[in-house]
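Given the sequences, and given the hints that come with them, work out the whole structure.
The chain contents come next:
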Amino acid sequence: DAGVTQSPTHLIKTRGQQVTLRCSPKSGHDTVSWYQQALGQGPQFIFQYYEEEERQRGNFPDRFSGHQFPNYSSELNVNALLLGDSALYLCASSTTGYHYGYTFGSGTRLTVV
Amino acid sequence: GNSVTQMEGPVTLSEEAFLTINCTYTATGYPSLFWYVQYPGEGLQLLLKATKADDKGSNKGFEATYRKETTSFHLEKGSVQVSDSAVYFCARYMEYGNKLVFGAGTILRVKS
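Heads up: the sequence lines are chains Y and H, in that order. Quick note on the working numbering: the first sequence kicks off at 1 and runs consecutively. Quick note on the working numbering: the second sequence kicks off at 1 and runs consecutively.
Possibly wrong hints are sitting among the right ones.
Computed from the model, here is a short list of chain H residues facing chain Y with C-beta under 7 Å [to be verified]:
(1) 42
(2) 43
(3) 44
(4) 49
(5) 89
(6) 97
(7) 98
(8) 99
(9) 102
(10) 103
(11) 104
(12) 105
Hints were generated in silico from the structure; no laboratory data involved. We treat Cβ as the ideally placed atom computed from N, Cα and C, and that holds for glycine.
Take a look at the structure:
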């Protein structure tokens, strides 16, 4: 049973560019959350998607946006990249209403130069 | 507020030593609490959890007890192995926002 898969694993972007990260949730999960983990820090909640809608959002600017598709997979988009956006981006999937079982992917390492 | 505070690392131990990583939280009510582990180059793995006061979570020799009196959820292991070297994150579930709030993480290094 595949867990959460994220792509790409690494990428390098230039300041001002735009990036799209992708996530496929664990089989049977319908909710996808995105977290940003800066170097040496704990993950910070970006937003959560359920039924193709953004349901919750953390303290991140509108440059961060997302999407969820009918198959529950999700994308995270970041516009106008800043050096400070360099981080590990983690996707977590879960089943709505059951908050004991978040499954995390291995993450996408984004470097902005 | 709603935060999680962990002891700073790195924590360096010899194999078979006893491990304690402190974690305290602030919250109204009694949130579910978690410990996650992150091995080098990987994502987060759920290590253990406790969903109500006085619960003890355990897995792979690790234990943590939900102490409401001290608002703590310290991670312990009686005998660590080199393979336990990783970063450990304490987290609480936040119902408002339906999200996890993480501590900053504690690096554990175990030497043979």
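A quick look at each hint next to the structure:
About 5 Å separates the beta-carbon of residue 42(H) from the nearest beta-carbon of chain Y, less than 7 Å, and the hint is met. Annotation: interface hint on residue 43(H) holds; nearest CB of chain Y at approximately 4 Å, less than 7 Å. Residue-level restraint check for residue 44(H) holds (minimum Cβ-Cβ distance to chain Y is 4 Å; threshold 7 Å). Interface restraint check: residue 49(H) against chain Y, minimum CB-CB distance 6 Å, threshold 7 Å, status holds.
For residue 89(H), the suggested interface contact is upheld, since its CB lies about 6 Å from the closest CB of chain Y, less than 7 Å. Because the closest C-beta pair between residue 97(H) and chain Y is about 5 Å apart, less than 7 Å, the hint holds. For residue 98(H), the shortest C-beta to C-beta distance to chain Y is roughly 5 Å, which falls under 7 Å, so the interface hint holds. For residue 99(H), the interface hint holds, the least distance from its beta-carbon to any beta-carbon of chain Y being 4 Å, beneath 7 Å.
Evaluation of the residue 102(H) hint against chain Y yields a held restraint, the C-beta minimum of about 3 Å falling below 7 Å. With a least beta-carbon distance of about 5 Å to chain Y, the hint placing residue 103(H) at the interface is held under the 7 Å criterion. With 7 Å as the threshold, the beta carbon of residue 104(H) comes within range of chain Y, its nearest partner Cβ sitting at about 5 Å, so the hint holds. With a cut of 7 Å, the hint placing residue 105(H) at the interface with chain Y holds, because the nearest CB-to-CB distance is about 5 Å.
Hint violations for this structure: none, all hints satisfied.
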